[in-house]
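Visitor: Here's the letter readout for the chains.
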Amino acid sequence: MADFQIKGVTIVETFAEAFPMVGTRIIITAPTLEWALTAARTMTGFATSVIACGAEAGIERTLSPDETLDGRPGVAVLLFTMDTDKLQRQLRNRVGQCVLTSPGSACFAGLDGEKKLKLGASLRFFGDGWQMSKMTGGRRFWRIPVMDGEFLCEATTGLTKKAVGGGNLLVLGKSHSAVLAACERAVKAIAEVEGAIAPFPGGIVRSGSKVGSKYKGQIASTNDAYCPSLKAAVNTALPLEVEAVLEIVIDGLTKDSVAKAMHAGVHAITEGGAEAGVTHVTAGNYGGNLGPHHFHLKEIVAWKR
Amino acid sequence: MEALTFELKHTPEERLDLSPLTPERLDGLKASEVEALAIGTTRVPLSVGDVFKVKGKDAGEIRFAGTDARCDKIGAGMTKGAIVVEGDAGAYLGAGMKKGKIEVSGNAGALAGASMAGGAIAVSGHAGERAGGIHVGETLGMRGGVLTIGGNAGSLLGERMRRGLVIVGGDAGDYAGGRMVAGTILFKRGVGANAGFGLRRGSLIFVEEPKELLPTFGDCGVLEFDYLRLLEHWLRANEKPINLGTRARRLMGDMAVLGKGEMLILA
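The listed protein sequences derive, respectively, from chains A and B.
Mapping of the first sequence onto the numbering used here: position 90 corresponds to residue 90, and the numbering continues sequentially without gaps.
Offset between the second sequence (1-based) and the numbering used here: plus 305.
No wet-lab data here; the hints were simulated from the structure.
All C-beta atoms in this analysis are idealised placements derived from N, C-alpha and C, irrespective of residue type, glycine included.
Hints are not guaranteed to be accurate.
So the derived list for chain A, only partly shown, Cβ under 8 Å to chain B, looks like this [unchecked claim]: (1) D70; (2) K134; (3) M135; (4) F141; (5) R143; (6) G158; (7) K162.
Let the sequences and hints guide you as you build the complete structure.
Guide: Quick look at the structure:
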């Protein structure tokens with residue numbers, strides 16, 4: 001293995017294996033940024049992994065009033081699933097239950113694209129016949145009467161089939177606190193990247209999984225090769241001094257956005273060098289036969305757009 | 306390339322039908338072919354060359370200079386390009402147009418933008434009756450696009466309008482938004498009697514409160530509309546800055562018909 005080092009941290013010569021997803025972006029606005037964030041956090045809650053949540057979602061960034069269609073503070077949200085039908089259902093349910101319900105909110109398309117997902121076009125039925133359609137600048141908006149006035153919601157938003165899910169970085173270190181601090185830095189850096197989110201809690205996963213299990217009906221189980229407490233019993237991937245491993249999973253609207261996010265992540269992780277307690281950065285894959293997108297860490301480190 | 310320019314030589318002795326002089330119909334025509342186009346409306350044959358001095362080549366942008374109120378159907382049915390009118394326009398200005406842009410420095414006659422489906426018309430002066438209304442042979446008025454009138458508008462503005470936006474800078478006449486099916490009219494000043502008569506759906510937005518309101522409109526009181534923010538933002542982005550604010554009194558009507566339309570009187 002031709003591993004190499006950045007500031008004493010070993011970058012393992014391997015690659016992250018990622019999968020094609022369908023994704024969309026919506027813009028949520030509200031009277032204050034705090035309320036826009038509340039709606040966005042609610043909508044992207046329980047959306048860490050498609051395995052059991054139905055979707056992966058996160059906040060991409062906040063928007064200033066001059067960036068939104070209604071001149072109010074806003075939040076850009078990214079939502080990903082494995083196919084278009086599921087994305088449509090997830091979008092309708094999440095916006096319907098979490099954004100429509102949030103005080104003073106409005107919801108707009110955040111992505112162009114020939115293919116469209118229904119947004120207000122399905123939520124309008126909540127208006128029970130009192131909804132009004134307004135075309136403005138060639139885009140259709142629905143005004144749905146609600147108890148605090150009107151819910152303004154664009155009819156459709158675009159979708160992309162070029163989204164990529166499952167870009168990842170595994171961070172190994174000599175203490176839990178060191179690994180957590182490194183991952184927090186990485187999540188912060190990834191948040192700056194356009195078109196990418198880290199859907200897990202605070203952007204970080206502690207329970208990486210492998211495919212399959214000894215138990216029937218359990219489709220995924222703990223990634224024992226990376227469990228520090230099992231080093232002696234399994235075919236471990238960990239040196240003896242590694243105390244903790246955390247993973248950052250990245251979904252992006254394009255392959256480039258995932259690569260850019262991984263690039264930002266690696267450099268944030270290694271910022272403090274080996275002295276900060278991080279020993280290795282590696283990535284998860286399934287041998288390369290399952291996912292069509294391979295992000296080689298060597299290329300990611302040197303990646304430039 | 307210089308814009309294809311039609312300069313009126315003298316006051317025409319009859320009304321002119323200028324609908325052949327649109328960017329898509331002049332595209333690829335030679336100067337001699339353009340001058341031979343018939344634009345008369347009587348039994349006496351009359352061609353472009355008899356009335357206009359033709360200059361320039363670029364049919365994508367057409368200029369009319371020195372036109373008067375007898376120059377009908379300028380840009381009627383146009384599907385692309387731009388027309389600039391330095392002078393007045395007659396009736397049917399941009400009627401049934403689908404795409405493109407028309408600017409008039411003077412006044413426009415009756416039925417400006419009648420049954421237009423898209424594109425933009427901007428009249429700096431006044432517009433005659435039935436602007437944005439029903440074109441001959443049509444059942445609905447304006448179906449899309451933006452019609453901006455700098456001055457006053459005649460009666461029956463936006464009659465049976467279906468979609469699109471009309472902005473009136475001056476006063477509008479009687480029956481503004483009459484029998485409207487949907488769409489938006491923004492009144493920056495006053496309106497005549499019976500505004501919104503037979504309004505089914507659609508929005509009439511008033512900067513000033515109308516002097517008289519039809520009794521068949523019901524009051525919903527004053528509230529905030531995010532839609533006004535959206536509209537104001539769009540107007541500003543399209544160089545028509547108007548301060549709408551966010552609060553408006555909403556009246557629903559016309560209750561004598563469907564009653565799902567509204568008047569928003571800015572508060």
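Visitor: Each hint needs a verdict: does it hold in this structure or not?
Guide: These are the hints, each one checked on the structure:
1. Taken as an interface hint, A:D70 checks out: its beta carbon lies about 4 Å from the nearest beta carbon of chain B, inside 8 Å.
2. The interface hint given for A:K134 is met, as the beta carbon of that residue sits about 6 Å from the closest beta carbon of chain B, less than 8 Å.
3. The criterion of a C-beta within 8 Å of any C-beta in chain B is met by A:M135, whose closest approach is roughly 6 Å, and the hint holds.
4. For A:F141, the shortest C-beta to C-beta distance to chain B is roughly 7 Å, which falls under 8 Å, so the interface hint holds.
5. Contact between A:R143 and chain B, as hinted, is supported at the beta carbon level, the nearest pair being about 5 Å apart and thus within 8 Å.
6. A cut of 8 Å between beta carbons decides the hint on A:G158: the least distance to chain B is about 19 Å, and the hint is violated.
7. Using the Cβ-Cβ criterion of 8 Å, the hint placing A:K162 at the interface with chain B is not satisfied: the shortest such distance is roughly 29 Å.
Of the numbered hints given earlier, the model fails hints 6 and 7; all others are met.
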